Every structure is written in C-alpha cells, then in structure tokens.
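K.L.:
Residue strings, one per chain:
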Amino acid sequence: MKRRSRIAIIMDILSYIESEGGEALATRTAQATGLAYDRLIELLEELEKKGIIEMIADEKSRRVILTRKGRALLSKLRDVEGFLRDLGIQL
Amino acid sequence: MDVTSYIIGFAGFASAIFYLVSSISLLRLYYMLGGELWLRLSLGFAFLCLSQAAMVFSLTVWDARLSYALYSSAPALALSGFYMLWSSRRLPEARLAASPLVLAPALLDLLASAFALTLSRKLKGYARGGFSLIALAHALRALGVLAPPGPLPVIILVTAEIVRAFGALIMAAGYVRRLL
Numbered sequence: 026m027k028r029r030s031r032i033a034i035i036m037d038i039l040s041y042i043e044s045e046g047g048e049a050l051a052t053r054t055a056q057a058t059g060l061a062y063d064r065l066i067e068l069l070e071e072l073e074k075k076g077i078i079e080m081i082a083d084e085k086s087r088r089v090i091l092t093r094k095g096r097a098l099l100s101k102l103r104d105v106e107g108f109l110r111d112l113g114i115q116l
Numbered sequence: 007m008d009v010t011s012y013i014i015g016f017a018g019f020a021s022a023i024f025y026l027v028s029s030i031s032l033l034r035l036y037y038m039l040g041g042e043l044w045l046r047l048s049l050g051f052a053f054l055c056l057s058q059a060a061m062v063f064s065l066t067v068w069d070a071r072l073s074y075a076l077y078s079s080a081p082a083l084a085l086s087g088f089y090m091l092w093s094s095r096r097l098p099e100a101r102l103a104a105s106p107l108v109l110a111p112a113l114l115d116l117l118a119s120a121f122a123l124t125l126s127r128k129l130k131g132y133a134r135g136g137f138s139l140i141a142l143a144h145a146l147r148a149l150g151v152l153a154p155p156g157p158l159p160v161i162i163l164v165t166a167e168i169v170r171a172f173g174a175l176i177m178a179a180g181y182v183r184r185l186l
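Each protein sequence line maps, in turn, to chains A and B. Heads up: the first sequence begins at 26 in our numbering, then just goes up one per residue. Heads up: the second sequence begins at 7 in our numbering, then just goes up one per residue.
What the hints contain is simulated information worked out from the structure, not anything from laboratory work. Warning: the hint list may mix true and false statements.
Claimed, not checked - The calculated DSSO-like cross-link candidates involving lysine-lysine, where the alpha carbons are at most 30 Å apart (straight line), are:
| hint | chain 1 | residue 1 | chain 2 | residue 2 |
| --- | --- | --- | --- | --- |
| 1 | A | 85 | A | 101 |
| 2 | B | 130 | A | 101 |
| 3 | A | 75 | A | 94 |
| 4 | A | 74 | A | 94 |
| 5 | A | 85 | A | 75 |
| 6 | A | 101 | B | 128 |
Note that the coordinates shown come from a computational prediction; the quantities given were computed from them, not determined experimentally.
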C-alpha cells in the first residue's frame, strides 16, 4: 500500500469528520482513517492549536468538531488538490 | 509606449498577478498545515512571478542597462521556478537535470525552455498548455539571441513575451478560481 503524505492524512481526517456532519468520535475517526489512536490525537492536537478543529473530551470519549475555519481549509485543499494533480503532484 | 507595449505590459502584469496569487495561496497553506511541499510550490510560483515582472519591466524601462539586467534575470528566475515545481514531483532525475545550471549559465533560456517542456509533458489540463507555451517562449528568446542584428531579434523577443504571457494567462483562466 502506498504511504500517505501528512497532508493526505489530514485531508482524510477532515473529510471523515465532515462526512459525519462535522462532528465525530476520535476512536471512529482513527478507524476510518486507518491511523493509530495516539498518532491521530497527536495530529488533532496540532490542528486544534490552529483552530481547524475543536476537541471535547469527557470520561468515556473524545469528540472532534470541525470548525468554520476547518471547513474552509478542507474546501481550499480540495480545490488546490485538483490544481496540483494537473501539475503531476499528488498530496 | 506603443500599443504592443501596452498589450505585453498588461498581459505580463496579469500573469504576474496570477503567479503571485498562487504563491500566496500556497504559502498560507504552508503556515496552516506545515509541510515542505507547500513551501517549495509557493517559492516556485514566487520565482515565476518575479521572472514575469522582470520581463515586463525589461520592455518598459527606459534605461538600457537596467533593461538588459532585467532581461537577463528573467530566464534565470523562471528556471528557478520551474526547478522548484519540478523537484516537488520528487523525481530522482531532477537532481541530475540541475547540473547544467552550473555549467552553462549562458544558455539559461534554452535550459528554461527544456525544463518547462519536460515538465509540461507530465502535466495535464491548463497547466500542460500553459507550461508548453512558456517553454516555447523561452526557446524563442534563445533563438532571438542568435538572430542577426536588426529588427528580427526584437520581433522574436516581442513574440516570445506575448507567447509567455499567454501561457500564464491560460493557467490563470483555468485555476485562479481554485486558488483565490
């Protein structure tokens, strides 16, 4: 299987959260994107610092919410992805 | 300035704006997400923007020495831009292709043309058309240098710059909505 780039992984995470209506459980997100839970949390913490997602944790679970900035970023990434594909560059 | 200069100036300026918008857009993604790829692509388009600006000013400034300096810097900047885009594809032969840069600085236009042509063969859509025209423009510039003194080199240069600006405009038409 081809190794995904960091950007492709982030796009997969954001796309999954969006497909779940903008809010998803971290465990489900890890399963859906094929990432180890710890690796996912590491990435999510980075994205949270930049205001792309929000994380709400309680005793049982951790929910991830896509912010408005995150939705805008995902849309931009999809647009740029098409441009880069034409340049022969895959994310 | 005659009408031709205005047309070249306007087309060249519009092209430079497209490259600048692309560069800023990709730089913003770099700040947002990190990743060397965004930075390389952003720098690639920034070089193409500078090259385009150098081309426009080389035709519009009155001082001959400044015009010549700008004229000779345009292909070097374009070559840097193409190389940035080329190396973003992570192809091993890109490193080998860079070696003539050191050996043949006098043939920068030919090198820029070769790079742009080789790059364009791997591309699709508007990018392929745009970079093919830019490759053609650099080949014409190189031809213009070899042409005998007289009106011919000027005609070749003007044609080359129209072709070059048109190449960038094709990409602008196709991609500016995606990048804004």
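K.L.:
Against each hint, give a clear statement of whether it holds in the structure.
P.N.:
Hint-by-hint comparison with the structure:
1. 85(A) <-> 101(A): violated (34 Å)
2. 130(B) <-> 101(A): holds (20 Å)
3. 75(A) <-> 94(A): holds (9 Å)
4. 74(A) <-> 94(A): At roughly 12 Å apart (the allowed maximum being 30 Å), residue 94(A) and residue 74(A) satisfy the hint.
5. 85(A) <-> 75(A): holds (25 Å)
6. 101(A) <-> 128(B): holds (24 Å)
Of the hints listed earlier, the one the structure fails to meet is number 1.
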